[in-house]
Structures are given as structure tokens and as C-alpha cells.
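Peer 1: Take a look at the letters that make up each chain.
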Amino acid sequence: MSLTYDDVIAKYEPVLGLEVHVELNTNSKMFCGCSTTFGAEPNTQTCPVCLALPGALPTVNEKAIESTIKIGLALNCSIAPFSRFARKNYFYPDMPKNFQISQYDEPICVNGYVDVEIDTDEGLKKFRVEIERVHMEEDTGKSLHVGGATGRIHGAEYSLLDYNRAGIPLVEIVTKIVPGTGKYAPEVAKAYVGELRDILRSLGVSDVKMEQGSLRCDANVSLRLIGAEKLGTRSETKNVNSLRSVERAVRGEMIRHAELLNKGERVVQETRHFQEESGLTRSGRSKEQAEDYRYFPEPDLVPVEPDATWIEELRAQLPERPSVHRKRLQEEWSVPDKEMAAMINADLLDTVEATVILGSDPTKARSWWLGEISRIANEQNVSVKELAITPTDVAEIVSLVAQGELTDKLARQVVEGVIAGEGKPAAVISARGIKVVNDDSALMAAIEKACAAQPETAEKVRAGHLPAAGALIGAIMKETKGQADAARVRELLLGHLGQA
Amino acid sequence: MSSLSRDEVANLARLARIEMSEEELVNLASEFTVILEAVARVQEVASADVAPTSHPLPLRNVFRPDVTKPSLTPEEALSGAPASEEQRFRVPQILGEEA
Amino acid sequence: MIRSSAVEMASALAKGEITSVALTQLHFDRIASVDTDVHAFLHLDTDGALAQAAAVDAKRAKGEKLSPLAGIPLALKDVLVQKGIPTTCGSKILEGWRPPYDSTVVTNLKNNDIIILGKTNMDEFAMGSSTENSAYGPTHNPWDLSRIPGGSGGGSAAALAAFEAPLAIGTDTGGSIRQPAAVTGTVGVKPTYGGVSRYGLVAFSSSLDQAGPCARTVLDTALLHEAIAGHDPRDSTSINAPVPNVVAAAKSGDVKGMKIGVVKELNGDGYQPGVRARFDESLELLAKAGAEIVEVSCPNFEYALAAYYLIAPSECSSNLARFDAMRYGLRVGDVDGASAEEVMNLTREVGFGREVKRRIILGTYALSSGYYDAYYGSAQKVRTLITQDFTSAFTKADVLVSPTCPTTAFKIGEKSNDPLAMYLNDIATIPVNMAGIGGMSLPSGVADEDGLPVGFQIMSPVMKDERMYLVGAALEAALLSKWGAPILSKAPSLGGLA
Ligand SMILES: [Mg+2]
Ligand SMILES: [Zn+2]
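Residue numbers (the working numbering), protein chains in the order written: chain A, 1 to 500; chain B, 501 to 599; chain C, 600 to 1097.
Think of the hints as simulated: they come from the structure by calculation, not from any bench. The beta-carbon is built from N, C-alpha and C at its ideal position, and this holds for glycine as well. One thing to keep in mind: the hints can contain errors.
[Stated by the list, open to error] List of simulated lysine-lysine pairs, DSS-like, C-alpha gap at most 27 Å:
| no. | chain 1 | residue 1 | chain 2 | residue 2 |
| --- | --- | --- | --- | --- |
| 1 | A | K230 | A | K176 |
| 2 | C | K858 | C | K682 |
| 3 | B | K569 | C | K709 |
| 4 | C | K858 | C | K709 |
| 5 | C | K887 | C | K1081 |
| 6 | B | K569 | A | K238 |
| 7 | B | K569 | C | K887 |
| 8 | A | K460 | A | K449 |
| 9 | A | K449 | A | K409 |
| 10 | A | K209 | B | K569 |
| 11 | C | K661 | C | K691 |
| 12 | A | K385 | A | K338 |
[Said to hold, decoys possible] Listed next, the stretches of chain A that the computed footprint assigns to chain C, with coverage defined by at least 3 CB atoms under 8 Å from CB atoms of chain C:
| no. | stretch |
| --- | --- |
| 13 | 296 to 303 |
| 14 | 375 to 389 |
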């Protein structure tokens, strides 16, 4: 009954469309002077404007416009010489005015693209995702549903509204339809959102924290028979809160659509909600009649007409494009493609880079983050970034190893301790009593003991057969409980046996 | 054409979130026939070559610097609330998802 | 004293002949004696006003420099928010709501030490031309209590005509300052759009609304205009330029060599004979004062009413969506198990009056997909044509003039069941709002057939508001010598006091 993904792609071609909402990190809200600080006490960051008190009027945050233009430029868009805000009218209690100030047919940025690369069995593949528009709008308040299942809208007895988030500037980035991704659709979707996030982060315009909701993705998916012209009916999946979920949601929807189509059923055009636990989507409450948003130009605001000088000033402020930046890092670090792709895929490039910036050797940093630390994250079934260890910790550990203060084996214990919440590396080292044995006299005692225990082996080394030293070193390391620096042990041992 | 049926008025009332009695729906539908006929006159001169004016003044690029200003106190913010709880506006159960 | 102009009161205050507290109290006494009949006020802030007056008296005693209208009482239309003072907009849906902030107009009034007596009655959310659409009952015209005082700002105009206040604030979306001024024999000005901040003015139709000064003389109106006008960064549509020099214009009244354009389309059939007679007479007086009278044609004005009744309802359908029982105001039907949507629906059914619902539904229709281009879109094109008509007319004349409204005050109830007949009242005032220019109405005498006041409208180009004050002052002076006394003195006196 249940189709495999291979069955789906053998028969159907997926078509993607992605809408990303980004909260800008301005100091004040889009249309009023209230602070945008995350996590404040409820309704402490509200005013007549963002509560939609009678008589209040919006005023446009200039920084938000600049950020949006920068986003447009970074996404290779043209900046519209004339753009306008419009009201999108619909009633919802978390939207105080019962209309959202957004942009409709006159958005500020249009027609751009983002190139993404994904690592496949057939090597690196490049896809171009075309951007239809980038426009400005405002966020809604947050509701807390009380009674019934916790926090769920269904079965709640009433809701409690906090309007601190209402009016925070949002930028909506909408792609054109993305055909031609074939079986890579889920990965392309993920790579696109990841690339977008990196671009936004490099621009410094948003915190881009998917888990806090400052970057939110809606994924539109439809299927058509391979070779067919006409687009299939799409579903729009909301609440996709991580890069991994983007991929899962697209894959899941492709399978769900294919199952319906194979049974001769219709895909319903609807909003669906992604459920993190199951990786499946559930239907949003279907509305008896379609909404009619009755868009019209916002009469309380005047048009935005950015002139060329302003646009060029903003263009000059653009940072290095993340794809260029990555190429540069790859060269500087001399990393093979495969490993570069692994870092990107694991979403750890920025973490490794941060560790390198703090002084770590690139290879060491990469090996810690993608090796031991990823292994622990995997074991605990969490993402690496949720672990308590930071680039500063890793850089410190790498440096301690380089100075011979820690052996690799001891360093692993320190990493474990930091992740276990025992504190910073120094705290873990002192609490656990971790210490490299670099007292030569203690080492010499262990060397003499090992040579006495294996006289033939010692004799071989003394006769110039160096590979035999391994067995002695092993015994010495065992004797010193792994706390000795193996390189120093070897040096002393060879000296002791006349091979220095 | 320039008239509205009872059902069309009912749909508009739904969009506008106004409960209406059957009598009101029927009355409004009949009033609208007269009103729409009068306002439909705008179409006589609204030819394609006329640009629309949505605003009386040709103002452009009016912005505010990104500086925070004091907000209301939560007490002031909630002062008009029909009901509140935990420093939040208390509202009846919300059915249906965000659009 | 209450029958004096604000300028005369100010001079009495300056000379120490009366204190602001006493002046304010005199007005509260007058209100107590006549407002049961007139019903101009919805709320009186007796304590606040007297405290404010005492503070002004104290400043004056200390010899502080005061603004020209310091200490003079004023009536505020209930559509402008004042911190802590009930603001209803004449609607049940806002009954009991006390705003936590001041509108910019109120801030400016307070900064000028003008004493705010209370809030005046109006058609619900400023939708109407008679003040009959107030949820709190109609206001009566002091000239004849069985007649309407105009609308939507009937309360402010009636307060002036009944000598309950020498100054008032109105708002004008399609004539709501000028038409009440005309039918009560008072002066009202709709400044250039963007001349006075809309921040804190509860929106009816954002692209048309404008607050403005109302008084009994042209100079008082100019002084109040200057007090409330000016750029406001909280209103993006506010004009960032110096306020036109309206006070100097009102003091000068020199119209020699000015070209006054009579709008052919606003002076024909459908205008009451007495209205036309007064209008023609005013033209003669202005000609005598040295102005040149020319005729101009604005052929697209005949579409203005239709366009207005699409644009204003469209904008209001969106502006009034916030009245949803969630954050403030009335909440109906919040019983166990009711949904937010049901409570919104019921609250809006009960909280809004007929005319408001009619316009919300009309606007919802005009904006809905499939009809937008035919209705809202076409109305916006008409707006362009009307603006072009004005632009071309202003190449031929410095100001344009017309009767303010086609008739004198009609009887309460006479048109309340015929929305179209009611809408026709605003035929001459609406084009001004569509183009965002300035408009003034001042009394030009009384109609022979009914003895009721007639209004004369003067229209000036964007940010040339001083021109209407020049012409208004000239006409006021000429009429004063012709009629021997201010037009308002022809009104029957109300109550015991005078
Ligand atoms: Mg949006
Ligand atoms: Zn705010």
C-alpha cells in the first residue's frame, strides 16, 4: 500500500515552490517604535500602533526598507523603482488591525535567483532557484491556547494574546515554481532554504533562527506525470521549522500526493501543517469558502521609490556572497569537495569557521565537529548546535592538544565533559583530574619497566628495528593510563635504547 | 450587473464579520440595487488611459529612523480589554488556522 | 461674554477682565442650560477642563508668554482621541473606551493651552450628513431644534451656534466640517490634506479624512487652524512644510485683484432658491471688494459623489475591521463555547449602526476580487479626473467658490430612510476631499424662504490655505455691514441665558 520514494519518482515529476518569511533584526518594529527584543514579558512591547488602537497610524522603518533592498540585491533581484504597501484584509485575532500591511502587486524586489549545489551520487549538482519577489510585511501576535490539549488550537476553551511580536518586520521571499529537480526535490528545497539562510546571515539582516521562528518556510509541492505539461494541484505545508524538516516535508508530501494520484483521487489544494514528531503533514482546517483578501493600496503610507544612488550605496555594503565565501574557505583550508559538502550538509561550516577564526587548525576543527561531536549528537538524537559545546571550547581543546597539555584521548574526555554540562574545558580538566604525564622521570620509570618486561623487543629496537618500538610504547601508555603524550614517550624510549 | 442577491450580501457579511438577520440581508440587497446603480456611473469615464489616484498627495519615501520609543505599559495596553489574564488579552476560542 | 468671538475672549483674558476658569465655567453653565435640547456633547470633562484653565491662569499670573488662544474653551469632536477621556465616535462599539494616548491634534491644543470642554456628538464613525446616525441620539440645530445640525460633525457645529463653545474641532471626509458649518451659520475649514496630523483621528476613510478648525468668525478659525496644523512624523501623509500663513490672511481680507472662480457645475438645478440668492449676493459683495469673478468648468465633478461612495466605504471596510471585540470596546456573545469568530460577528452586528454596516458591506463588495477594477479602480480614476479639473480651474482662478450645500437644514428624520437623498447633501463638498485641497464654509446670510443659514464654500489649491481665509475674511466683513450683525445673531435664542 505505502509507496516508496523510488516508486514516486519513477512515475512523477515534483514541482516545488517555496515561500520563506524572515523576521528582520531591526531595533524597532516595522511601523512603530516598539522594541523587537525576543522573549520579553507579554504585552510590554506594544503601543497604539501595533495594538491597532483607534486613530493610530503606521510609519515605515527605514532600516527595514534598506534590509529588504539588500536582500533583493543579494538574491540578484531588480529593485522596483516604485513600490507600495497594500492592505491584506482578513480577520484573525492575532492580527490587531484585521488586515496585514503587506505588498501585493507592487513589491520592492522582483526577478532574482539563488544557485544551490547539492552533493549526489553523481557528484555535485547545481540547481538555479528563481525568485519571483521579495516583499515587506509585518508579523502577527502570538496566541496561547488554554484548555484542551496543551497549546493546541483544537479543543482550546479560550486563547490568550500577546502582541509583542505583532508588527515585527517580515520579509517574504517567494520563488517561482521550481521544476526539473526530479528526485532531488527534497534536497534542493533544503539546500535552497539553507543557502537563503546563509545569505541572510551574511547580510546581518536577521537572526535566521528557524527554531525561534525568525525564519519560517512554507513548502508548496505538486506532482505531475513525467513528461506532462500541466502542473498538478499543490499543497502548501506550513510550520516547517528546520532545514531537515524542509527536506522531510517535501519528501513526505511527494509520497502522499503520489498515493492519492495512484488511487485515482484528487489532491486538495490546501494548507497543511508539518508535524515534527511524525514527519507527516496534517490538513489545516479547510475553509468552506475561499478567503478574499481585498488587497488595496495602504492609504496611510506613501509609495517607496528608491533612487539609484541609494540602491548603489546599499549594494556597496553587501558582504561576500556565501557561495564565494565557501569557495575561498575551501581553498584556504585545502579541503576536498567531498568533505566541504559534508560540512555544508551537516550545517557545520559556520561552526567550523568560527572555531578556525578562534585559532584552531582547520583540519582539527573539522575533525572534532564532524567526528566525535557529531557522533555524540547522533547518539543523543539532537543536532550538534543544541549541544553545550561551543567553537570557543573546541578551539581551546585543539590548542591544549597542540601544546601537549592533552592527548587526543584525554581531549575526547574533555569534550564529553563539556557536552555533559560539566563546564568549560578548564573546569572539566580540573574537576576530572585530567593531566598529561609529561614528567620525564615518571615516564622514564615506565620505560624502564616496559623494557625490563620485554627484553627481546627492547633488544630489537636497540639493534635498529624501529617498528618493534610500538609494542613497548603501548605498554608504557597502558602503564601511564593513557595520560602520557605518545610522541614524548617515543622520543624518550628511542633515546633510552640508543636510537635518538 | 449592478445588483446584489441576498446570498451575495450574506457572503459579504461573512467576509466583513457582521451577523445579519434574514430581514437585514434582504433589505440590504434591495438597497444595494439602487446604490450600485448610482455608483456604477464611475465606469462611464474610467477609461484605460486614466491613471488611478489612490492618494491625494504625491508624497514619496517617508520613513522613520530605526530607533525604539517607549511602549505603553502592559496596564495601559490592556486597559480597554474586555477580558485579560496573565497580562494577555483573553479572547474566545479561535477556530481555524491562521491564513 | 459667551457670545463673543474667541479673539474678544482672549483679549478679555489678557486684560484680566475674566479668568480662564470663570470663562470655562460660564461655558459649562451654558451647556447645562441648553444642551438637554441641543445635545451637542457626548461627554464633558468638567474637572479636567477647569484644572487646565486654572493652570493657564497660573501661567498668565506668572507673566509667561501664552499662545493667542490660551485659556479659551473648545469642543472636540468625539472622533479624536484624548488620553483618559471616553472616545466613542458616536458608536456603541466603543462605548466606555478610554484611550491611553492623545491624538496629535489634542497634543497641539494642550500645547496651546486651549481648554477642552468635552467631546461632541457625530454621525457614527463620521458616516452621515445629519448626526442622526449617532448611537447616542441626534444633535439638534440651534436655529430650529426640529432640524439637523449637519453631519458628521453636527455636535461641534451646534456647540458653536448654541454658544456652548467659541471654538471646536471637526473632521471632514466628504464635507463633515463644512456642511454642518453651513447649516448652523458657523465657519468651518477643511485644511489641505496632510496639513493637520491624522494621528489619533479614528479613521473613516484615510485618504480623505482631515481634521480642521471650526469657530464663529474667520479670524478665530484661522487662529485655531494655526494652533493645530503642522508636520507630524507620526503621520506619514502629513506635509513637511511650514503652515500657510492663515492668520495674516484672515486679518488682511484683501481680495483686490484676486480671481474668484465660480464652479459652473456646483450652482445649478437642485440648489434651493434661497441658497442661490445668497450665493449670488456674496459674489457681488466680493466683486465690490475688488475681486474678479470668473466662471470655471469642472466637468468631472458630476462623478465625484459616485467615486466618493466607493472610495470611502472601501477604506472604511478595512479601517473598521479592528473593532472586533478582542482588544477593546464592546464584546457581545462571549458565552461558553462561543468562538472568537462568532463573538466578532455578533459584536459587529450589535455594535454598528445601519449606515456603518451599509458602508462596510458596500466597501467589502467594491474591493472584492472580480469587482475591484470596476468599482474601486474606476473610482480612483475618477479621482484623477477631478484633480485634473481642479488643476485646470486653478490656472484660471486663485480660489474656487460654490454654495456649500444645496439646501438649508432639513428636518430630523426627513431623509433618514433614503441613503441616496442623504448622500446628495455632500455634492458640493466632496470634490475638495477627492483632490486633497482646502475648503472653507462660512455663513452668507439666511435663506428668505425659511430663515435658515446658508453656507458659502471657498476652495483653495494644495497648501494655499491662506487664500480661502483672505476671501472668507473679505466676505465676512462685507456681510457684516450688509446684515448689520453677525449672521448667528439672526438665530432664535436658546435657553434663558444669552
Ligand atoms: Mg505574506
Ligand atoms: Zn508598537
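Peer 1: Quickly compare the C-alpha distance for K449 (chain A) and K409 (chain A) to 27 Å and report which way the hint goes.
Peer 2: The hint holds at about 23 Å.
Peer 1: Compare the distance between the alpha carbons of K569 (chain B) and K709 (chain C) with 27 Å, and conclude whether the hinted pair is satisfied.
Peer 2: Holds. K569 (chain B) to K709 (chain C) sits at ~22 Å (cutoff 27 Å).
Peer 1: K569 (chain B) and K238 (chain A) were given as a pair; does the straight-line alpha-carbon distance stay at or below 27 Å?
Peer 2: With Cα atoms ~33 Å apart, K569 (chain B) and K238 (chain A) exceed 27 Å; violated.
Peer 1: If you draw a straight line from the CA of K858 (chain C) to the CA of K709 (chain C), is it 27 Å or shorter?
Peer 2: violated (38 Å)
Peer 1: Given the proposed pairing of K209 (chain A) with K569 (chain B), does the C-alpha separation stay at or below 27 Å?
Peer 2: Roughly 25 Å separates the two Cα atoms, so the pair holds.
Peer 1: Does the alpha-carbon distance linking K460 (chain A) and K449 (chain A) stay inside the 27 Å limit?
Peer 2: Since the Cα atoms of K460 (chain A) and K449 (chain A) sit roughly 17 Å apart, the hinted pair holds (cutoff 27 Å).
Peer 1: Given the hinted pair K385 (chain A) and K338 (chain A), is their Cα-Cα distance within 27 Å?
Peer 2: Status holds; Cα separation ~22 Å.
Peer 1: Is the hinted pair K887 (chain C) and K1081 (chain C) satisfied, with a Cα-Cα distance of at most 27 Å?
Peer 2: holds (12 Å)
Peer 1: Taking a Cβ-Cβ distance under 8 Å as contact, does the stretch 375 to 389 of chain A have three or more residues in contact with chain C?
Peer 2: violated (count 0)
Peer 1: Can you confirm whether chain C covers the stretch 296 to 303 of chain A, using C-beta to C-beta distances below 8 Å and requiring at least three such residues?
Peer 2: Answer holds; 5 residues pass the 8 Å Cβ test.
Peer 1: Does K887 (chain C) sit within 27 Å of K569 (chain B), going by the straight-line distance between their CA atoms?
Peer 2: violated (56 Å)
Peer 1: Sort out whether K176 (chain A) lies within 27 Å of K230 (chain A), counting only the CA atoms.
Peer 2: With Cα atoms ~16 Å apart, K230 (chain A) and K176 (chain A) stay inside 27 Å; holds.
In the structure shown, a violation is registered for the earlier hints numbered 2, 4, 6, 7, 11, 14, in ascending order.
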